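Trainee: All chains, full assembly: derive it from the sequences and hints.
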Amino acid sequence: MINYFIFGISYAFACVVQPGPFQVFLLSQSLTKGWRKTLPLVFAPLMSDIPIIILVLLVLKNVPHEVVIILQCFGGMFLLYLAFHAYKTWFKFNQNIIRDISPQKNVFKAVIINLLNPNPYLGWSLIMGPLLIKGWSENPMNGIILLIGFYGSMIICSIVMVVLFAAARNFGQRVIRISIGISVIAFALFGLYQLWSGLTEIISRV
Numbered sequence: 044m045i046n047y048f049i050f051g052i053s054y055a056f057a058c059v060v061q062p063g064p065f066q067v068f069l070l071s072q073s074l075t076k077g078w079r080k081t082l083p084l085v086f087a088p089l090m091s092d093i094p095i096i097i098l099v100l101l102v103l104k105n106v107p108h109e110v111v112i113i114l115q116c117f118g119g120m121f122l123l124y125l126a127f128h129a130y131k132t133w134f135k136f137n138q139n140i141i142r143d144i145s146p147q148k149n150v151f152k153a154v155i156i157n158l159l160n161p162n163p164y165l166g167w168s169l170i171m172g173p174l175l176i177k178g179w180s181e182n183p184m185n186g187i188i189l190l191i192g193f194y195g196s197m198i199i200c201s202i203v204m205v206v207l208f209a210a211a212r213n214f215g216q217r218v219i220r221i222s223i224g225i226s227v228i229a230f231a232l233f234g235l236y237q238l239w240s241g242l243t244e245i246i247s248r249v
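Following this note's numbering, the numbering of the sequence shown begins with 44 at its first residue and continues without gaps.
Calculated from the structure, these hints are not laboratory results. You may find that some hints are simply not true.
Cut-off 25 Å, straight-line C-alpha distance, at most; resulting in silico cross-link-like pairs (SDA-like, lysine to any residue) [stated by the list, open to error]:
1. K177 x V110
2. K177 x E244
3. K177 x F56
4. K177 x L98
5. K177 x I246
6. K177 x L101
7. K131 x L232
8. K131 x C116
None of these values were measured; they are calculated from a predicted model.
Mentor: The structure is reproduced here in structure tokens:
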């Protein structure tokens, strides 16, 4: 059970610290309106992810278990790709990386962008979805703990980023670069774990 909790926390952290439209939206709002008015917006992913989760799980629950295992392997490769992309972001990081992305004006637009963004669908199809189904089949508490760890970590990390940028922009930028460096390691480790777990199960079935 603890493994699912750790994965949920680590994967959410690695995702949150990657510069993207929603992160820029939060940070720009914290700078212009202050952290108190921005904090409620960190819950926007909960609204946008619900239909994505339902759609992906409905599909995965109706495919053979072997397909889920194969998707788990692809998820491992996808995590390694994210690790490489995070490394490039960390290596080229500068003070303007956040400002170069146009911020959204309200939470509704941020939710729509997340719904139209392929990354949540890929994340849930290749990583979170198969892992949630696997954990739930072992023990429903595993699935619940995974979701709690993932969304709890996502909300807490977003809150920390909002407060940091509202308090001190330059300090916040340095913290984000360090966080991105940590996310490289997290993505790589969990990518290797996903591949090992999936390939081990495939070999055991041969």
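Trainee: Run every hint past the structure and note whether it holds.
Mentor: Status of each hint after checking the structure:
| no. | hint | result |
| --- | --- | --- |
| 1 | K177 x V110 | holds (12 Å) |
| 2 | K177 x E244 | holds (12 Å) |
| 3 | K177 x F56 | holds (22 Å) |
| 4 | K177 x L98 | holds (17 Å) |
| 5 | K177 x I246 | holds (17 Å) |
| 6 | K177 x L101 | holds (14 Å) |
| 7 | K131 x L232 | holds (17 Å) |
| 8 | K131 x C116 | holds (23 Å) |
Of the hints listed earlier, there is not a single one the structure fails to meet.
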